[in-house]
Amino acid sequence: GASRGRAMRQLLCESVLVSLAGGVLAVVLATWVVGVAPRFLPEEMPRWIHFRVDWRVFAFTLAIAVTTGLLFGLAPALRLGRLDLHDALKDGAKQASGGRRGRRLQRWFVVAQVALALVVLSGAGLLFKTFLRVSSTDGLGYDPREVLSARAELLDARYEDASQVAAFSAAVMARLDGAPGVRDVALESSRFLGTFVGHEGRMTLEGSTSAVPDATVPRFALAVTPRHFTMKGLRIDRGRGFSVRDVVGSDGVVVINDATAEALWPGQDAIGKRLKLGGPAETLPWLTVIGIVSNSSEARLARAPSRLLYTSYLQDPGHPTIFVRTTGDASALTATVRSAVAQVDRDQPLTDVGTMAEHLRDYVAPVTLFARLVGAMALFALLLAALGTYGLVAHLVTQRTQEFGIRLALGATPRRILVLVLEHGAWLAITGVILGLAGALALTRVMRAILFGTDPTDPVVLASVSALLILSAILACALPARRATAVSPSQVLRAD
Numbered sequence: 006g007a008s009r010g011r012a013m014r015q016l017l018c019e020s021v022l023v024s025l026a027g028g029v030l031a032v033v034l035a036t037w038v039v040g041v042a043p044r045f046l047p048e049e050m051p052r053w054i055h056f057r058v059d060w061r062v063f064a065f066t067l068a069i070a071v072t073t074g075l076l077f078g079l080a081p082a083l084r085l086g087r088l089d090l091h092d093a094l095k096d097g098a099k100q101a102s103g104g105r106r107g108r109r110l111q112r113w114f115v116v117a118q119v120a121l122a123l124v125v126l127s128g129a130g131l132l133f134k135t136f137l138r139v140s141s142t143d144g145l146g147y148d149p150r151e152v153l154s155a156r157a158e159l160l161d162a163r164y165e166d167a168s169q170v171a172a173f174s175a176a177v178m179a180r181l182d183g184a185p186g187v188r189d190v191a192l193e194s195s196r197f198l199g200t201f202v203g204h205e206g207r208m209t210l211e212g213s214t215s216a217v218p219d220a221t222v223p224r225f226a227l228a229v230t231p232r233h234f235t236m237k238g239l240r241i242d243r244g245r246g247f248s249v250r251d252v253v254g255s256d257g258v259v260v261i262n263d264a265t266a267e268a269l270w271p272g273q274d275a276i277g278k279r280l281k282l283g284g285p286a287e288t289l290p291w292l293t294v295i296g297i298v299s300n301s302s303e304a305r306l307a308r309a310p311s312r313l314l315y316t317s318y319l320q321d322p323g324h325p326t327i328f329v330r331t332t333g334d335a336s337a338l339t340a341t342v343r344s345a346v347a348q349v350d351r352d353q354p355l356t357d358v359g360t361m362a363e364h365l366r367d368y369v370a371p372v373t374l375f376a377r378l379v380g381a382m383a384l385f386a387l388l389l390a391a392l393g394t395y396g397l398v399a400h401l402v403t404q405r406t407q408e409f410g411i412r413l414a415l416g417a418t419p420r421r422i423l424v425l426v427l428e429h430g431a432w433l434a435i436t437g438v439i440l441g442l443a444g445a446l447a448l449t450r451v452m453r454a455i456l457f458g459t460d461p462t463d464p465v466v467l468a469s470v471s472a473l474l475i476l477s478a479i480l481a482c483a484l485p486a487r488r489a490t491a492v493s494p495s496q497v498l499r500a501d
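Residue numbers (this note's numbering): 6 to 501.
These are computed hints drawn from the structure, not numbers from a lab. Please note: incorrect hints may appear among the correct ones.
[Unchecked claim] Ranges of calculated distance between the beta carbons of each label pair, as one might list FRET restraints:
hint: 1; residue 1: Ala347; residue 2: Leu448; range: 49 to 55 Å
hint: 2; residue 1: Val29; residue 2: Gly333; range: 53 to 59 Å
hint: 3; residue 1: Leu448; residue 2: Arg351; range: 50 to 56 Å
[Said to hold, decoys possible] Taking lysine to aspartate or glutamate and the EDC-like style, the derived pairs with C-alpha atoms no more than 20 Å apart in a straight line are:
hint: 4; residue 1: Lys278; residue 2: Glu267
hint: 5; residue 1: Lys134; residue 2: Asp460
hint: 6; residue 1: Lys281; residue 2: Asp321
hint: 7; residue 1: Lys278; residue 2: Asp263
hint: 8; residue 1: Lys134; residue 2: Asp367
hint: 9; residue 1: Lys278; residue 2: Asp256
hint: 10; residue 1: Lys281; residue 2: Asp256
hint: 11; residue 1: Lys278; residue 2: Asp242
hint: 12; residue 1: Lys134; residue 2: Asp463
hint: 13; residue 1: Lys281; residue 2: Asp219
hint: 14; residue 1: Lys281; residue 2: Glu267
hint: 15; residue 1: Lys278; residue 2: Glu211
hint: 16; residue 1: Lys281; residue 2: Asp263
hint: 17; residue 1: Lys281; residue 2: Glu211
Quantities reported herein were computed from a predicted structural model and do not represent experimental measurements. Glycine included, every Cβ here is placed at the ideal spot set by N, Cα and C.
Work out the full structure, taking the sequences as your base and the hints as a guide.
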């Protein structure tokens, strides 16, 4: 009894020591990665994200290492305490290996590894697809390298009146029009999607006594000048766009995209319909729909459906974002834009000056960062799942050497033995994939906010990562399977 207790304590100590060694190695590796990782991360990484290894990381790793060592050392220690020495000596290696219950537990550990790997790989796949979606310039309607944008804050008290803002904006546009290298000029209220609208009670349709439901209200409103649509490569499908006559004091007008028209007036012609940006009881001006524009490809940057609404910047001017389009590299127009603003008001500085390609990279920088980090973790999870499958199958092949030898002696072909081993690994992976899909669906729904329109249950991503895990498990079984086919029946029979 005393010797058995000492053996149990020794087994627990060995398990904790091995786990601690792994934890120390992990901290050393993490320290190295933190030093090297910034070279591979996007230069425009958000400033609020910092990586460092401090005492809290070390304490967390220590706690995890000790807990892991105790948990995974406890089961074999308890089994050792219940071990019958007479049976162990009689059954030899078969009993020492832990028996049928031990093998079942090993299989479930591998299944859990595969399931967790699927969860991480699914998240990485969705982030990677989101990154490709928002960073691609295909179908954008314009080359973002040819468009320069700059923000005029107009914080001076002189610009509290809308007419002064309109005068400033018109003067800047006049100076940029016809300037060397300038193809087109437009002003907008926002660089990308505009002001968030999408709350219930923020829009009312004429003839309705209640506000537009949140499920159909446009998510963003963007004030633009008349040439916004041509600069961004958008097509007016029906009606007209804004004109220089849509100014302060004229009848309120609005342009909506196809998605908004279908959501607000399904199956009807939206041209001539009226709405207001407020509840039914609010005394706000009615806006008449004068045009339907094609869905903006910039809407793929939204975290919500691509329902957009455009108002006339000349009717409701605000702090302008200036857009200038050229041929070639738009950054060459930086001095031209600064000069035009200085000629109108030398005291008004410009902020966020850069090409749309640069701003696009900044906008998607968090997605780029998380896609790379989760991708690295996913590759590591895939490696662990493959190694776990390999280790278990190799162990089972060793245990079943006698069985394979007898099968071969009775006429089974090496190919049949190969398929038998590969099927075992494949079924482990399939079971893990089935269990992992539930966890993946739960996790990816939580990630919806950073997927920028990508479906969190994307079947292509889920099917791809599932197939990848099953394939990696089969490949991990290849070496043990080949070893099983090399078993000599005569040697196995002589050994018995």
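Here is how each hint holds up against the structure:
no. : hint                        : result
1   : Ala347 x Leu448: 49 to 55 Å : holds (51 Å)
2   : Val29 x Gly333: 53 to 59 Å  : holds (55 Å)
3   : Leu448 x Arg351: 50 to 56 Å : holds (54 Å)
4   : Lys278 x Glu267             : holds (13 Å)
5   : Lys134 x Asp460             : holds (10 Å)
6   : Lys281 x Asp321             : holds (14 Å)
7   : Lys278 x Asp263             : holds (14 Å)
8   : Lys134 x Asp367             : holds (18 Å)
9   : Lys278 x Asp256             : holds (13 Å)
10  : Lys281 x Asp256             : holds (13 Å)
11  : Lys278 x Asp242             : holds (16 Å)
12  : Lys134 x Asp463             : holds (10 Å)
13  : Lys281 x Asp219             : holds (15 Å)
14  : Lys281 x Glu267             : holds (17 Å)
15  : Lys278 x Glu211             : holds (7 Å)
16  : Lys281 x Asp263             : holds (18 Å)
17  : Lys281 x Glu211             : holds (8 Å)
The structure agrees with every numbered hint stated previously.
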